[in-house]
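Trainee: The listed protein sequences derive, respectively, from chains U and X.
First residue of the first sequence: 1, per the numbering used here; consecutive thereafter.
First residue of the second sequence: 1, per the numbering used here; consecutive thereafter.
Simulated from the structure, these hints should not be mistaken for lab results.
Please note: incorrect hints may appear among the correct ones.
[To be verified] Pairwise CB distance ranges (calculated):
#, chain 1, residue 1, chain 2, residue 2, range
1, U, Val528, X, Tyr45, 45 to 53 angstroms
2, X, Ala293, U, Val589, 54 to 62 angstroms
3, U, Asn94, X, Phe63, 48 to 56 angstroms
4, U, Ala509, X, Tyr45, 31 to 39 angstroms
5, U, His109, X, Ala293, 41 to 49 angstroms
Beta carbons are placed, not taken as given, at the ideal position from N, Cα and C, and that holds for glycine.
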Amino acid sequence: MLSILFQNGIMIDNLSIFFAATIILVSIPILIYSLGYLKEYKGTYSVGYNLIMTLVFIVSMVLVVISKDSMTFIVFWEVMSVSSFFLVIYEYKNQMNINSGIMYLIMTHISGFFLMAMFAFLYKYTGSMDFNEIGQFSYKITEHGVAVIFILALIGFGAKAGFVPLHAWLPKAHPCAPSNASALMSGVMLKVALYGLIRVLYFFVDGLPLNLSLVLCVIGAVTAIFSILNALVQKDIKKLLAYSSAENIGMILATIGLSFVFKHYGLNSLSLLSLVAALFHILNHAVFKSLLFASAGSVLFATGTKNMNELGGLYGKMKFATIAAFIGTLSISAIPPLNGFASEMLILKSFILGVSKVPDSWVAGILMISGAIIALTGGGALYAAIKSFGITYLGSPRSAKAESIHKIPMTMKIGMGILAAQCVLFGVFSPLIVNSLLHSMSILYIGTDINIPIIAVNYEISIVAGILLTTFLIVKPLVKARKGTISYGDTWGCGFVNQTGRMQYTANALSQPQTRLFAKVQGYSKRVKVTSLIYIDDQVYDVFEKKAYIPIVRFTNYLAGKIVRIHLGKVRVYVLYIFIALGATLLGVYRFG
Amino acid sequence: MNYYLFNILQGIILILLSPIFSGILKKMKAFMRGYKGPGVFQVYYDLVKLFNKETIRSGKSSFITEIGPLLAISISLTCAFMIPVFFCGASSLVGNLIVIVFLLGGIKLFNTLFGLDSSSTFGGMGTSRELFLSMLAEPVMFLIIMFLYFQYETFNIFEISAKNSLAISLSVGDILAFVSFFIVLVVENARLPIDNPETHLELTMIHEAMVLDLSGRDLALVELASMIKFTIFIAMIVNIFFPIGIATSLSLLLIAEAAILFLAKVFIILFVIAIIEVLIAKSRLFRAPDLIAVSFSLIIAAISFSRFIN
Chain U
1 MLSILFQNGI MIDNLSIFFA ATIILVSIPI LIYSLGYLKE YKGTYSVGYN LIMTLVFIVS
61 MVLVVISKDS MTFIVFWEVM SVSSFFLVIY EYKNQMNINS GIMYLIMTHI SGFFLMAMFA
121 FLYKYTGSMD FNEIGQFSYK ITEHGVAVIF ILALIGFGAK AGFVPLHAWL PKAHPCAPSN
181 ASALMSGVML KVALYGLIRV LYFFVDGLPL NLSLVLCVIG AVTAIFSILN ALVQKDIKKL
241 LAYSSAENIG MILATIGLSF VFKHYGLNSL SLLSLVAALF HILNHAVFKS LLFASAGSVL
301 FATGTKNMNE LGGLYGKMKF ATIAAFIGTL SISAIPPLNG FASEMLILKS FILGVSKVPD
361 SWVAGILMIS GAIIALTGGG ALYAAIKSFG ITYLGSPRSA KAESIHKIPM TMKIGMGILA
421 AQCVLFGVFS PLIVNSLLHS MSILYIGTDI NIPIIAVNYE ISIVAGILLT TFLIVKPLVK
481 ARKGTISYGD TWGCGFVNQT GRMQYTANAL SQPQTRLFAK VQGYSKRVKV TSLIYIDDQV
541 YDVFEKKAYI PIVRFTNYLA GKIVRIHLGK VRVYVLYIFI ALGATLLGVY RFG
Chain X
1 MNYYLFNILQ GIILILLSPI FSGILKKMKA FMRGYKGPGV FQVYYDLVKL FNKETIRSGK
61 SSFITEIGPL LAISISLTCA FMIPVFFCGA SSLVGNLIVI VFLLGGIKLF NTLFGLDSSS
121 TFGGMGTSRE LFLSMLAEPV MFLIIMFLYF QYETFNIFEI SAKNSLAISL SVGDILAFVS
181 FFIVLVVENA RLPIDNPETH LELTMIHEAM VLDLSGRDLA LVELASMIKF TIFIAMIVNI
241 FFPIGIATSL SLLLIAEAAI LFLAKVFIIL FVIAIIEVLI AKSRLFRAPD LIAVSFSLII
301 AAISFSRFIN
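With the rest of the complex left out, here is chain X (with noise of 0.2 angstroms):
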């Protein structure tokens, strides 16, 4: 029982650093481009402010728009109770990886659909393209799982991270799937070089231009929901392939020194994106595809290294 109330915990944890990790990309970001920047909890005070502002929406928009924040928000805390994050005590009630990223399509699939829904151009340009490269996407992930697979010989995370916290060295198709699983992060979470987070209103975005006629409550709900399934995917970044450290029985040392590891391991990942972002421009649409190709290549080196060559 104490291990599944831990679990809880944990979820809890995560969501609650969600936005923190946002706020300290973008600190990272402005430290490296030479200007101050924001403070970490800015990104709290925006959602406080979003929270409390009035709600206007679109008269053309559907139940979608009404329940769809809503719903967003419930996938993406259901799926934070799903992954390890400083703790993997045996799970075998939850955390079976398909559910997880089938459920987090869930998000994608609500975020696509307020593009429509508003009836505005912007939105429907959002749409297309969020579901141009998802589709893409789509296959890489599932070698993922086959990877993943084939390493440990199961689908549930919890369990994965359990066995590979043992590991000393990593094997060559870690590394492999390591870098293809970082750029489907990459790709799904709408970072540069595929989307900006930054800018608004400019032809290329993605992700802005589906929630571009959300405000107030429902826009900070999908803002929440897209950083808790950031925070998830690096999350699951860090516990399948580096989770050196994670604690695997409960005691308090063991917990505060996994922690201490996981917030030094996801700042190392941040650092990562910062620099991405930083040194890359955002490259065309049609350019992604290309991208894409690369990670769906890499994993399939990294099954025959793991499957087919041994």
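Extracted from the complex, chain U is given alone in its bound form (with noise of 0.2 angstroms):
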């Protein structure tokens, strides 16, 4: 394998490297946190295959994005796929583990099969498997190629990055695999397939045309909403954070899909401004939600358990833990100036100035609709994050579970640590990252250094950071010098005194005024049951696995079913079918190859 890589080379050009750096920036702390998160398993599972898997994982998706020919991605991909599959089904023991594991097994494939009809299409145009070459001959493809190669792609990268309605598999896998491992694939593996979609339509596709990029925006809108709106009926912290990554899985395509309709228009620098924007999504996506899902990881292995009506109260007893989840949820409901606000200004910018500045009317109602989908989904994204930190660190215990807690060691809280200063860092710093991004982007994609668009670089970020940490400090000792009594007291119970934390709002409460408006996406459905007690029982489904995925199921076991009757069990029949197959394969080629 590694003779391959040395033969080939690697590929270096900006894009990979920034994909790099993501994967390796995030990686470091989460290999840091799995040192202490996977104590939680000593006994029962093996520690030294988590690590080595997690290894293999992680080093095979640095490999995916600097790989340099077809061959090589695809192999690293297929070994990206199934290191991830046997962390998803690390704790063998549970057969929900299993069952989610397969099926993320099987998506795996799905994508697989698809990435490899896309590079063979590649190779039938170009004739290269080199990207570089690929890139060369990229005029050779026709019209109707860029459509059976967009499509192909769109599958396969999707299957893997969760484009609804691909996405079934995000979040039945990502609960299910150890936190450490979820962070990893929510964070970071997503992203290396966001990289193959980029790699391939920016660089292979000579233009995207116009419809096509309106569908990449339109599919990222529905993904955006879609997820955020399932993200917040969940009552599974890790189930929730999954679906909040499609979530941002979407917004990142729609402004990908953006870019190439700048692009179509021969608005360069707006084109290359939304990719900017897209990438530094990408960054900060991967930081902080890989430390959502590190603490989400802690409180797992503090209480053993990850649904939110049970937990409540963790702040008195894992202080530091609680302060980095909450600014990672500063981040992702992006409030300025942390990095979750930073990239998704320049989202909203690049929306907004699309819609203002493309000629064709209904083009500009379009990404006006996907803008405003966006911005709703900005706040569903709020809505979600307060749901899952203020269930589950403040307020007051609602279980057993979370009132008696193990201690999380060193290494989970400096792993954390260090993500959350990263959280912080690419905010505050924010413009200088834009701006080496749209150099570096502008050299790689478009040729020239071309002008930067002024709008996307000022420092307002940094002075607003600056001017709300001078106001901090000066309000803090004026309000400190007022008489400094505080005293401490039950909660008002407006006279009620025996107080439980039962009586709290729960997750499902939180939650509970959209349910009204959208419980048919959400697929929520609440039954109530009077005995001599009231029951109330609610259940979510994800819409799309109930319609359209079990429906498929069905209908390949009755296939399988009739087609068990060629079983014969006589090897000359067996042969003949052979034969039969060899034939129609010899026509087909000579027909159409």
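Starting from two chains that each stand alone, build the complex the way the hints lay out.
Mentor: Here it is in structure tokens:
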């Protein structure tokens, strides 16, 4: 395997370096974190196995983004998929994990299959497997070929990145994997799929037609809104975070689509701006989502549950983890000057510029609606973030599990601390990062260092951070100087004295108002059973899984039941089958090849 | 340098005046209902009283209650320095509308966390409702910023009011956008018919429910922060849509004129809010999305006027 790598060399251009840097930046703190986190599994599962698989997983991801030809790419892509599959089924004694793992494996193979077909098509048109040569000969790809490659890439990379409707494995696999693995899968692996999409669409295909770029935009917006609405009704923290990852992927995809719309109209600098917005959000999402998954992992480590309805009041017992999670929450809900805001502002700006600069009205209309949906998604993200943070860490414990907790080891704290620091730094110093991204991408993508739109690189966010810090430092002593008597009492229960943790709002209750509007999309159903007591039971299912996946599975089962009849158990018949198949293949190659 | 000094000065004036605007609003409502009501300075006395009182926190509360009020007030003060009040001289350093709106979202975030922090049931209820409404209001705000970008080709609120101050008449789009912004103001600042700021311990409340367990200094800071936020919204709506007479250069006469005009415009906005609050009862929570939908349609229409029809 290594000899292949050395024969063909590795791809080092700015895009690959950016993604490799993102992966490494997140992987190091997560590796430190895993050292402590894996203590939980001592005795029940093999710790060494997990560490080795995690390392293989990280290395294969780095190799995917720096591989230079399609063969190496596919090989490491499969290594990445399989190693992450083994991480998903790490807790193999739980049957649910095996089920999710198998679903993940199937989706992964669908993805791999479509990617192989895509690379085969690229080979057909350009006659090369080397990425640079494919880029050079991209003019040979016909219009029809572009559409085919686009669809194959969208399904292939989309199944991995979790575009609706191919997202269903994501909220199943991520909660099952151990938290260090799910942090990497959600934070980084999805981004590797986006790397592939960006590589293929920007460098292999010579300009995407307008309607295909709008398809990207619409799929992105639909993914974003559908995923965040589904995130809102979850009570499992990791499931909520997994859906929220799909939401962010949708936002990034919509921005990539926007970039092609700009390119179609020859607005190169704006196209570059939205590409950079997408890339910057990729980096930021990798950082804050890994942080949030890591803190969800620390909750799981400390309490043994990830059901928010059983948690609450963790602050008193795990202060550091709470503050780290709080920084992650601020970041994901796009509060300035943290990094989530920095990239979301760029995305929103690119959408506004898109609507205002695109000459065709109908295109502008589609962009406007996509932008509004992404803004709604932003509001939903705030809702979901406060739900996951507030219910889990604040208030008082809702069950015995949240009351007696294990202490989390130092290494986990260090890992989360590094990620939290990155969240703050990438936000406050975002103009520097955006600037350098703009420069490096413009050389790569357009060929020259073009004039950068001034709108993107002003230092507003750093200035705001400065003013905010100054104000805070001035206000703090001013307010402290007043009579500083602070005493602690019980929560005021309006006259009621025997309050327990179970009387607080639960995770389900918090997101109840919006289920009245969106229950259909969220697959939410509530049943009330009245006996001598009243039971309320609510269920959430994924609409696409129930309405699209399960019928397909049923149909396949039915078909398989029919096909089984040709198994006669006679070798002569099987040889005949092989002969017919060979003939058909030859005919196909002769006719269409 | 003088420009920036004056920016800071007008920010300070806005902050100092914000409680009195709440007092005036209360006085107006009292007048219309036919009773005398407290004096306009009562709000200051209340704040001072709260500051001097003992602060009692819930024993279950966390660092959110400790630093939250401080951060909320810092955020609102920061925003006050980033908007024009009666002077909109060259200021490209600050004033990006997206930054201001998201920064004000920080106050909302802290308020909602206060609700969950003290582990009271009321708090959770307020949090849930506030988040529900603000989630729906988010796209409207985004579209308003988009509309303003079409009209004035900038995200900077100082430049917007400088450009608009020369305009003699309002376009149709402007009027629609104004109404839409006004509805967002009502929603974001917990006014009637979304939330009744005068009631306590009703099952209907939103903002008061979240800050129910705060007292003394914490409550004073949070209340002041919401007052400043309310004033910032009013200053924004005034200076974006009716900046006529705003001072664009530093001259004493111009600034005096602009200050008087600004106060007059704020009084008109407050008067409109007072009329609405006196005439309308609080609507059900699930009627609120209808109002936001109205606002959404209006801003879509406004964008259509400025972007697609010309």
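Trainee: For every hint, state whether the structure bears it out.
Mentor: Okay, the hints, checked on the actual structure:
Between Val528(U) and Tyr45(X) the C-beta distance comes to about 50 angstroms, which sits within the given range of 45 to 53 angstroms. At roughly 58 angstroms, the beta carbons of Ala293(X) and Val589(U) sit within the given window of 54 to 62 angstroms. Distance hint check: the CB atoms of Asn94(U) and Phe63(X) are about 35 angstroms apart, inconsistent with the given range 48 to 56 angstroms. Distance hint check for Ala509(U) and Tyr45(X): the Cβ-Cβ separation is about 38 angstroms, which falls inside the suggested range of 31 to 39 angstroms.
About 44 angstroms separates the C-beta atoms of His109(U) and Ala293(X), a value consistent with the hinted range of 41 to 49 angstroms.
In the structure shown, a violation is registered for the earlier hint numbered 3 alone.
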